[in-house]
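Asker: Sequence:
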Amino acid sequence: MATYKDLLELIAKREFGIIGEKNTRTIYASIGLALDDDVTLEESDVNYGNLEKLMGVLKEKYGMVAIIGCKIPAIRMAKQSGLELPDVLR
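The sequence shown begins at 3 in this note's numbering and counts up by one.
Rather than coming from a laboratory, the hints here were simulated on the basis of the structure. Be aware that a few hints might be false.
To be verified - No more than 25 Å apart at the CA atoms, straight line, and that leaves these computed lysine to any residue pairs for SDA-like:
#1 Lys-7 with Glu-45
#2 Lys-7 with Gly-19
#3 Lys-73 with Ala-4
#4 Lys-61 with Asn-49
#5 Lys-7 with Gly-22
#6 Lys-24 with Met-3
#7 Lys-61 with Ile-21
#8 Lys-81 with Lys-24
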């Protein structure tokens, strides 16, 4: 069963291809999350609040293109695991 950590890592991998690795790492760092070289979050206690912050920053800085690029895989993972999603991902 996936967790918010898994979901945030999935989104990071998708965003590497959309906004680029450097921009993705910068966005994650801006909300207090660090990604290692394998695109794994160094923090283990991530939650819905982290996901909500991430989506807000992505939408603000890069618009809906960044959101749409990860929406379907995020919805799929969340549905399979019973995770709540912010409105922007629904």
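Asker: Each hint needs a verdict: does it hold in this structure or not?
Answerer: Hints and how they fare:
Straight-line distance between C-alpha atoms of Lys-7 and Glu-45 comes to about 8 Å, which keeps the hinted pair within the 25 Å bound. Distance restraint check for Lys-7 and Gly-19: the Cα-Cα separation of roughly 19 Å lies within the 25 Å cut-off, and the hinted pair is therefore satisfied. This hinted pair checks out: Lys-73 and Ala-4 have alpha carbons roughly 16 Å apart, not beyond 25 Å. Taking the CA atoms of Lys-61 and Asn-49, the gap is about 19 Å. The hint holds against a cut of 25 Å.
A hinted pair counts as satisfied when its Cα atoms are at most 25 Å apart, and Lys-7 with Gly-22 qualifies at roughly 20 Å. Restraint check for Lys-24 and Met-3: not satisfied, since their Cα atoms lie roughly 29 Å apart, outside the 25 Å limit. Under the criterion of a C-alpha separation no larger than 25 Å, the hint pairing Lys-61 with Ile-21 is consistent with the structure, at around 12 Å. The suggested pairing of Lys-81 with Lys-24 is violated, with an alpha-carbon distance near 29 Å, which exceeds 25 Å.
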